[in-house]
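A.B. asks: Chains as they are written, first to last, in the working numbering: chain A, 1 to 83; chain B, 1001 to 1579.
The set of hints was computed from the structure by calculation and includes no laboratory data.
Some hints here could point you the wrong way.
Distance condition first, Cα-Cα at most 25 Å in a straight line; then the derived DMTMM-like pairs of lysine to aspartate or glutamate [stated by the list, open to error]:
hint: 1; chain 1: A; residue 1: K70; chain 2: A; residue 2: E81
hint: 2; chain 1: B; residue 1: K1098; chain 2: A; residue 2: E81
hint: 3; chain 1: B; residue 1: K1335; chain 2: B; residue 2: D1347
hint: 4; chain 1: B; residue 1: K1278; chain 2: A; residue 2: D73
hint: 5; chain 1: B; residue 1: K1098; chain 2: A; residue 2: D75
hint: 6; chain 1: A; residue 1: K4; chain 2: B; residue 2: D1110
hint: 7; chain 1: B; residue 1: K1278; chain 2: A; residue 2: E10
hint: 8; chain 1: A; residue 1: K4; chain 2: A; residue 2: D75
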Amino acid sequence: MENKTSYWQENLRLIFICLIVWFVVSFGFGILLVEQLNEFRLGGYKLGFWFAQQGSIYTFLGLIFWYTKKMNDLDKKYNVEEE
Amino acid sequence: MEQLKLFTYIAVFGSFALYFAIAWWARAKSTSDFYVAGGGITPMQNGMAIGADWMSAASFISMAGLIAFLGYGGSVFLMGWTGGYVLLAMLLAPYMRKHGKFTVPEFIADRYYSKTARIVAVACLIIASLTYIIGQMKGVGVAFSRFLEVEYDHGLYIGMAVVWVYAVLGGMKGITYTQIAQYCVLIFAYTIPAVFISLQLTGNPIPQLGLGSTLADGSGMYLLDKLDLVVTDLGFKEYTTDNMGGTLNMFAYTLSLMIGTAGLPHVIMRFFTVPSVKAARSSAGYALVFIALLYTVAPAVGAMARLNLMNTIEPVAGQNLEYEARPQWFKDWEKTGLLKYEDKNGDGKIQYTASKETNEMVKVDQDIMVLANPAIANLPNWVIALVAAGGIAAALSTAAGLLLAISSSVSHDLMKGVLTPDISEKSELLAGRIVMTISILVAGYLGLNPPGFAAGTVALAFGLAASSIFPALMMGIFSKRMNSQAAIWGMCSGIGVTMLYVFQHKGIMFIQGTDFLGSLDPNWFFGISPNAFGAVGAIVNFAVAFAILQFTDDAPKEIQDMVDNFRSPVGEVASAHDH
């Protein structure tokens, strides 16, 4: 039972980290801070525009795979791996 | 033209033969095959199938066109329809897979120990999925009629017959394997023209990089800067900064699409088809890889199509195209009525501007951009034929997935779960197929006689899923105490508020439906458009549920134990797949 609780707590912590990044790249960089970021350039892209139309999607991808990897490690650590 | 027709027949019928062969090869033999493909699909296959399931005619045909005309504002679709997968992977999919049931309402019924909750969930699911299917059937009808040169209603009948054969025969197993083939067809059809166009305009074959590159015309100017310059010269808003309806509206719109994505039952159902919790997590990742392939190309397609269109009409500033010298694609699309020209100043040339008085391109339907794009860029006929097959694949695969969600919710949740629990597996399978047939007929009928609110149906589908199903599932997993009264009232009030708002503005949307900017209205509450209101509905859902929870008893002990159980990848499963 103790184990189960701390497994869940660690999972929640991971989700929390991921969702902060998720929020910052899309709602933050892509929408709320877009004007400030547009002052900078990434090649022909304005930076805020790039986050809104490209960068956020790449970050989402990275997030899911990072979370999947972390959770697989967590499953091992708490010995709750599926056969 | 004859050659184009031949190529189109080959591409469309060739791909059909492939789908039928697959549906036959992988036909369903048991309820488990029918609903969850026997639970044995690998994450990579599942990711592809989700990609095809998810990317509908709206993604394939409409989205790049929307972006072309909305510019930066179109980002809401890009972020909204991909960001939802992050929520799915972390908040819903693994736990629902662990619980191990066939359908979303079944999960809700177990978690909230209530038949009422199950029926509410079934109602949301059917309304959301059916409204979504109407759009798909229409897409199928339009694509068939345009490319095979038959009447719209004949195109629709062909589409209904094709969906019927492989969805009813194959069930989830057949649909999954067909969708994998459809994904391949649609992604090739989407990226090949984009690569050609990017190469033409910037010399860079990768569209995602081409969009950020300099133009190949020797000016050394960045493509996006050039586009900003061209559109602002004609009085349009700057492409890269035009924010649709303001920051708050963009915020709410994106949020609504994200949680709507995570709450759409035909997508969630896909995660029941994988063999393990681990596979459910990585499926979401693979799905997003396959979706991102199209979604990161779409902004390039949109921007480049807009630039090509502008350049065709006004190759050099001040030297407009003579109407008599217009290219063949212009004439072809004029015939469909989706492109209209009116010589207002009588000079025989085409002026395309932002001002209502002087603009002579009186109609440029955004839906033609992707389909016309290869012709505008003078690409070979086989590319145009491929786009036709891709558009049809996108519409068919989504329609099939939605039909499966509807049929399972009726035959499995309503009949087996509530009305006739003693039904045998064989009869349940038959009922599922009958419901599917009825759904196809209803969707076909509504595709022929679209309801007045057709413009709002997609918004309604997302709004409903976002404001009802997503919060109920999330609270069920993350709050052990959440009880059935709170969840049911939450769902009802979330949907209620969203529907009220959408219907309230339905009339407005209907009247302005012909207007290019009709989907934006300064009179909306806090400037939030009905399409974006699902986010507010979801907040209402959460708020009502937690408020009621304060005054009612916590969920019973055995339910809390069940939650503990599905939070962990191992341990006893509530009931096996083959129940």
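A.B. asks: Each hint: holds or not?
C.D. replies: Verification of the supplied hints:
no.: 1; hint: A/K70 with A/E81; result: 13 Å, holds
no.: 2; hint: B/K1098 with A/E81; result: 12 Å, holds
no.: 3; hint: B/K1335 with B/D1347; result: 22 Å, holds
no.: 4; hint: B/K1278 with A/D73; result: 11 Å, holds
no.: 5; hint: B/K1098 with A/D75; result: 14 Å, holds
no.: 6; hint: A/K4 with B/D1110; result: 21 Å, holds
no.: 7; hint: B/K1278 with A/E10; result: 17 Å, holds
no.: 8; hint: A/K4 with A/D75; result: 11 Å, holds
Hint compliance for this structure: no hint is broken.
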